[in-house]
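Engineer: What follows is each chain in one-letter form.
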Amino acid sequence: MAEPSEVLVKMVNIRKSFGHVEVLRGVDFEVGYNEIVGLLGDNGAGKSTLIKILTGVHQPDSGEIYWKGKKLVNYSVAKARELGIETVFQERALSEQHSLWRNIFMGREITNRWGFIDIRKQREEAERIIREYMGFTSSALSVDAIVGTMSGGEKQGVAIARALHFQADLIILDEPTTGLSLSETQKVLSFVEEIKKKGKSAIFITHNIYHVYPVADRIVILDRGRVVGEFMKAAISLEELVEKLYLVARTGRLNGEGEVSQGTPTTPHGLESLMP
Amino acid sequence: MRNRWLSENRTQFSILFVLFVLLLLFIISSPKTFLSGDIYAAFMSTIPFSMIMALSLTLVVICGEMDLSFPSIMGFCGYVFTQVFHATRSVALALLICVIVGLIAGYLNGLLVVKLRLPSLVVTIGTQFFWAGLTQVLCQGLGKTLVPTKESPLYYLLVGRVLGKIPVQIFWAVVVGFFLWLVLNRHRFGAHIYYTGDNEASARVMGVNVDRVKIIVFTQMGGFAAFAGVLASLEVLYFWPTLGQGYLLKTIAAVFLGGTPVEGGVGTIFGTFIGAIIIGILEAGIIAMGLSGFWTQLVYGLIIVISIAIHSVLRRRVA
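Top line first, the protein sequences correspond to chains A and H.
Counting from 1, one number per residue, gives the positions in the first sequence under full-length UniProt numbering.
Counting from 1, one number per residue, gives the positions in the second sequence under full-length UniProt numbering.
No lab work stands behind these hints: they were computed from the structure.
The C-beta atom is built at its ideal place from N, Cα and C for all residues, glycine as well.
A portion of the hints provided could be inaccurate.
[To be verified] Stretch-level coverage of chain A by chain H, calculated; a stretch enters the list once three of its residues show a Cβ under 8 Å from a Cβ in chain H:
#, segment
1, 94-102
2, 107-113
3, 116-125
Based on the provided sequences and hints, a complete structural model is requested.
Structural biologist: Okay, here's the thing in structure tokens:
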């Protein structure tokens, strides 16, 4: 693995238990500069716990986190935002009854020194942001559109555009395509490509290998609290990757030999949901 | 551009329409009463008390919360005003202390809601009894005159008559309405109230200090309830220990009539302004129409249910 200073963020030997349940059992995970990492895993694999540690929501029991080579101490949610880690949540952190332009600047309004909002400037900026980051034209989507009336993919796009605009270096996409139609999924994937084009990094968390493969540079497979596989996309075809996933599902191991970490070897567990 | 403005404000147009229909109905059925200025002067003297509180309550409801304690805070602060006035003979000082007490009472509501994570409906039922009870205990059921306040110019500034006819308090209601409109629609804090009511979790994630927003919203409610209490007491030049009673449902109804939904997240000051007028003119209108006073409640109920149904349909079409 790379030295901490060579990558954007590096998590080393992260362990975390909730009560008696060991959710993360020594996970190493890193994201490079301008890299899109797909984080694959079934429910309960530890994806969301890993991400919550990365965003400061949970403290790990042991392990270290480095940001641009510096070890993080007293890490918190506020600190994560300060560093430039933005999470685009499944519920998208939008205010659905309000307009697009208000949502873009939610919590970060453009105001004068007395706190009064510069509505004209905010609308103009919002217009610019959705064009630049989402490729929307004003005829396709007005900045005055109420967010609740927009499609799932568009909402995801607003959240991503907002994160990009506010200079996030690392954008965490939490199941961004779950529950979306095919065309909506395509939209979201194009937003993810936009992140790469802007020179930023992203973690794309998903169940679905077919969604993440086209946009990821590297794919990490998490299973029951361990990283069980890590592939550069350049080095593996989609078909090979799917085969590997079947193997993991059957045996809990990538090479399909030796001791199985947990459960019975003949019963496929968890990871079958990664399959189409 | 024009269409956007129309569609964004359609709940406000619908409530304005309801007001016009009602006025027209009253004018047709009793032209003598409703074409003379006297009845409007009377409306302008009585409506502002509940209107000021309704405007203030609008912020609480948009924020996704509820306050049931404002009538009791109004009463308790009326008591504080009267006591301080009799002790110091200064209307200004009495007003100042009374509003501060109101702000503190509101702040306590906010603190209880935020820190104990209790539903505001429950908290303010409790504080409503507390302040009403405290008032009763302290004044032992006895009222007190406020006639000497007429010696102060402040009396005329608060509840005097312009040109011998127009009650000053209506201007205060308009000033309060404009101020709250400005905060809600043009200030960052107002935007944060909307976000908090729309989706508290989202607002938090986006860096809105939700707890602070709620505490301030409850605090201002207490302050405006105190102010309304002073106006209502000065208007009749007497402090009644039951001051505030009877305002609760009418004030809440004005907010809902105005198109602010109980779930919060949206709502307008203008809507509440019109809603308060409708609630205020209904009773007189119904009696002037020749119906007995027994009908007023029934008509209140009808108007409220119909208006809220219209709002709900309009909102669904937007969404």
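Engineer: So, for every hint listed, does it hold in this structure?
Structural biologist: Structure-based check of all given hints:
no. : hint    : in the structure
1   : 94-102  : holds (count 6)
2   : 107-113 : holds (count 4)
3   : 116-125 : holds (count 3)
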